[in-house]
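Protein chains: 2
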Amino acid sequence: MKYIEGGVTAAKGFSASGIYCGIRKNKSKPDLALIYSDVVCSAAAVYTQNLVKGAPILVTKRNLENGTAKAAICNSGNANTCNADGEQKAWAMCQLTAKELGIAPQNVIVASTGVIGQVLPLEPIQNALPALVKALSPTGSADAAKAIMTTDTELKNLSVELEIGGKPVRIGGIAKGSGMIHPNMATMLCFLTTDAAVSPAVLNCALHEAVRDSFNMISVDGDTSTNDMTCILASGLAGNPEIKEGTPEYAAFTAALKELCTALARKIAKDGEGATKLLVCRVTGAKSDTDARLTAKGVICSSLFKAAMFGADANWGRVLCAIGYSGANTDITKVDVSFASSAGRIDVCKNGAGLDFDEDTAKQILSQEEINVEITLHDGTFSAEAFGCDLTYDYVKINGDYRT
Amino acid sequence: MKYIEGGVTAAKGFSASGIYCGIRKNKSKPDLALIYSDVVCSAAAVYTQNLVKGAPILVTKRNLENGTAKAAICNSGNANTCNADGEQKAWAMCQLTAKELGIAPQNVIVASTGVIGQVLPLEPIQNALPALVKALSPTGSADAAKAIMTTDTELKNLSVELEIGGKPVRIGGIAKGSGMIHPNMATMLCFLTTDAAVSPAVLNCALHEAVRDSFNMISVDGDTSTNDMTCILASGLAGNPEIKEGTPEYAAFTAALKELCTALARKIAKDGEGATKLLVCRVTGAKSDTDARLTAKGVICSSLFKAAMFGADANWGRVLCAIGYSGANTDITKVDVSFASSAGRIDVCKNGAGLDFDEDTAKQILSQEEINVEITLHDGTFSAEAFGCDLTYDYVKINGDYRT
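Just so you know, the sequences run in chain order S and P. Throughout, my numbering is defined as the position within the first sequence, counted from one, plus 45. Throughout, my numbering is defined as the position within the second sequence, counted from one, plus 45.
In short, the hints are calculated from the structure, not lab data. All values derive from a computational prediction rather than experimental measurement. It is possible that some hints are incorrect.
[Stated by the list, open to error] Here are the simulated DSS-like pairs of lysine-lysine, each with C-alpha atoms no more than 27 Å apart in a straight line:
no.	chain 1	residue 1	chain 2	residue 2
1	P	Lys408	S	Lys70
2	P	Lys408	S	Lys442
3	P	Lys442	S	Lys312
4	P	Lys106	P	Lys191
5	P	Lys408	S	Lys408
6	S	Lys408	P	Lys395
7	P	Lys379	S	Lys106
8	P	Lys70	S	Lys106
9	P	Lys442	S	Lys442
10	S	Lys379	S	Lys395
11	P	Lys70	P	Lys408
12	S	Lys74	S	Lys191
13	S	Lys212	S	Lys289
14	P	Lys70	P	Lys212
15	S	Lys408	S	Lys332
16	P	Lys191	S	Lys395
17	S	Lys379	P	Lys106
18	S	Lys212	S	Lys70
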């Protein structure tokens with residue numbers, strides 16, 4: 046498996062575009078994205094577990110019941126959530142897009158991201174659709190990636206290639222994150238494409254497996270969004286023999302998908318609102334898979350730990366505190382903690398108690414852009430990895446005045 | 046029931062003191078507190094549910110097994126937690142205090158608050174004990190309250206008086222909060238005294254009832270501390286007939302205790318690290334008590350909502366989002382939300398969808414020091430109230446460099 050260029054248009058049969066339609070006030074930032082497949086695709090998705098679900102989520106869920114799709118439309122700047130006319134507008138977005146593309150509206154995936162509770166204006170979308178469809182390009186992935194961004198500062202646009210049954214197969218994705226990021230058995234906005242031949246049911250399994258270890262293991266601020274969704278379209282144009290569950294080909298495809306999703310998830314964590322650092326918490330030696338996940342996520346979510354990392358302060362007591370309230374079943378007297386980065390590695394806690402360590406070395410290690418917190422529980426064989434970011438002045442700034 | 050002066054020394058038989066002993070570097074802030082009762086008291090306590098428990102918690106738990114105590118000693122600046130010699134040191138604190146007071150070490154409640162994982166030096170405490178005992182005064186509550194503070198900016202020192210069986214009974218308390226505040230079936234540091242005649246078992250019930258609706262309903266940052274504890278000493282010197290469970294006297298005593306704890310809890314929330322505002326979330330019309338509590342706490346804990354309140358931004362979508370992931374069983378299409386403060390009241394959401402409202406009025410309402418978020422679920426008869434604070438630049442500043 047190797048990384049290649051192309052994002053969601055790396056796989057055979059896909060084109061994409063992104064333009065400014067007028068939902069956002071800032072004209073320099075595109076706000077409408079389209080992904081299109083030449084053929085009808087197998088499709089699967091995972092959605093937010095928040096009881097409050099964005100209207101587009103409800104419409105997409107219905108549209109994907111038969112496991113097929115041919116296009117995905119997404120606007121930024123308005124979440125179309127908590128609006129009385131939300132579902133009607135989301136369905137109208139599918140109809141307008143379908144009409145312009147000459148396809149069935151049930152084959153359109155619809156998504157919206159931005160402010161909750163403001164009525165979505167349809168006109169800007171309707172007026173922009175002809176130009177959006179005209180702009181579709183086999184190299185348009187970055188344009189689409191840009192159009193779905195909100196407070197993101199960096200493009201999340203990646204793709205990989207692997208071989209299945211002697212045929213090269215591509216998987217690509219674009220994603221957006223930044224704030225209200227704490228996916229719970231679901232994820233934020235991510236659109237994936239592949240040219241692998243694979244049924245909707247098998248694709249669904251592979252997607253859930255990949256999301257579990259990638260998007261579901263990140264948190265920016267503990268707030269589970271109302272509009273989280275990851276979807277994948279498989280065109281089948283790679284010409285590989287259809288991937289069946291339980292085969293080595295399924296394992297290879299899922300591993301590649303997981304690798305891609307994890308790379309996108311890391312980008313989302315690193316580009317969390319106001320973040321200056323990516324935090325990776327690796328837990329090993331846990332009693333169970335659940336304990337490993339709870340521990341890693343507990344640490345990544347602690348506001349106190351996140352603020353300490355912003356200050357490059359090796360305050361490992363906050364790591365222990367977070368492990369203690371994470372809900373994981375752990376013997377605290379066996380816990381070891383180390384910090385590591387490109388500047389080195391330092392042990393700070395052994396058997397649940399502090400070690401003497403050099404503060405200057407620790408400061409140096411914690412002043413890098415990617416910090417690994419390594420936790421060994423000495424209590425079993427399970428492990429997990431979670432991704433987060435530091436808590437900074439800019440997070441407060443961005444969110445103290447996001448809406449107005 | 047009325048508020049009176051005196052704090053933990055308002056009740057008959059209690060004296061208190063607070064001095065600087067040298068655990069904290071800053072000499073202008075006292076760091077050692079003592080509360081003393083002339084007679085052996087009925088005693089009860091609730092403790093943190095964090096798996097990582099401060100060493101003093103373990104020692105106090107043991108000491109309170111027989112339901113009696115005569116003194117409480119507490120240092121700030123060092124939590125004596127995650128130290129290999131922590132329990133030994135905490136027990137030594139009891140022994141040293143007991144020796145100076147001429148009482149049994151098992152009758153001493155011990156507590157520590159401050160940085161986790163730094164070895165506690167005993168010498169400063171040992172050297173300061175004669176002066177601390179000498180300083181004991183029937184008007185010493187504020188001194189003790191000051192000595193237990195860490196990043197707190199305001200004293201939490203309150204007392205009330207009520208009548209039981211024709212006798213005036215007093216209840217007083219001091220507390221500290223600020224950061225790592227997310228009590229879970231327990232609380233932060235709070236020392237309560239009363240001169241009511243009441244058995245340890247009944248006192249324990251009353252304390253748990255009071256804590257449930259007060260300290261357990263606040264959050265500053267979602268981090269459940271390792272050293273949370275609320276304890277109460279009852280001297281019995283008020284001369285009231287002993288309070289029995291299930292009587293009107295028990296109800297009156299518990300109501301007064303709850304009122305006092307809630308007032309202290311509000312003070313802790315308002316004085317949360319970096320906070321500029323107290324946030325009160327009132328939920329009514331919930332299906333169950335649990336649903337009401339989950340909803341109120343979910344909203345109070347949302348980083349996005351807290352940052353919006355800092356910016357006086359009426360971003361009610363974040364309130365809905367938090368309700369949605371709070372775990373409460375709710376029909377989102379029935380939810381109403383209003384904001385209120387001393388500057389007025391404004392309805393922003395009805396039946397789960399946005400209302401047209403005047404942004405300037407909303408800004409004015411949200412620019413006050415105490416903000417009420419009123420949520421009506423129209424789904425039942427249960428209600429709850431939770432207390433929190435806004436998320437500010439100063440929270441990040443304080444916690445980016447707390448330890449060094």
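Evaluation of the provided hints:
The straight-line distance between the Cα atoms of Lys408 (chain P) and Lys70 (chain S) is roughly 21 Å, inside the 27 Å bound, and the hint therefore holds. About 17 Å separates the Cα atoms of Lys408 (chain P) and Lys442 (chain S), which keeps this hinted pair within 27 Å; it holds. Distance check on the hinted pair: Lys442 (chain P) and Lys312 (chain S) sit about 25 Å apart at the alpha-carbon level, within 27 Å; holds. Restraint check: the Cα-Cα separation between Lys106 (chain P) and Lys191 (chain P) comes to about 24 Å, which is no more than 27 Å; the hinted pair holds.
This hinted pair does not check out: Lys408 (chain P) and Lys408 (chain S) have alpha carbons roughly 41 Å apart, beyond 27 Å. Annotation: proposed proximity of Lys408 (chain S) to Lys395 (chain P) is violated, straight-line Cα distance about 50 Å (limit 27 Å). For the hint pairing Lys379 (chain P) with Lys106 (chain S), the CA-to-CA distance comes to about 23 Å; that is within 27 Å, so the pair holds. Taking the CA atoms of Lys70 (chain P) and Lys106 (chain S), the gap is near 59 Å; set against the 27 Å cutoff, the hint is violated.
Pair hint Lys442 (chain P) plus Lys442 (chain S) holds up; C-alpha atoms about 13 Å apart against a cutoff of 27 Å. A hinted pair counts as satisfied when its Cα atoms are at most 27 Å apart, and Lys379 (chain S) with Lys395 (chain S) qualifies at roughly 7 Å. Pair hint Lys70 (chain P) plus Lys408 (chain P) does not hold up; C-alpha atoms about 42 Å apart against a cutoff of 27 Å. A C-alpha spacing of about 8 Å is found between Lys74 (chain S) and Lys191 (chain S), which places the hinted pair at or below 27 Å, so the restraint holds.
Taking the CA atoms of Lys212 (chain S) and Lys289 (chain S), the gap is about 15 Å. The hint holds against a cut of 27 Å. Between Lys70 (chain P) and Lys212 (chain P) the CA atoms are separated by roughly 46 Å; this puts the pair beyond 27 Å, and the hint is violated. Pair hint Lys408 (chain S) plus Lys332 (chain S) does not hold up; C-alpha atoms about 32 Å apart against a cutoff of 27 Å. For a cut-off of 27 Å, the pair hint linking Lys191 (chain P) to Lys395 (chain S) is broken: about 34 Å separates their Cα positions.
Taken as a hint, the Lys379 (chain S) and Lys106 (chain P) pair is honoured in the structure, with Cα atoms around 23 Å apart against an allowance of 27 Å. Between Lys212 (chain S) and Lys70 (chain S) the CA atoms are separated by roughly 46 Å; this puts the pair beyond 27 Å, and the hint is violated.
Hints 5, 6, 8, 11, 14, 15, 16, 18 from the earlier list are contradicted by this structure; the remaining hints agree with it.
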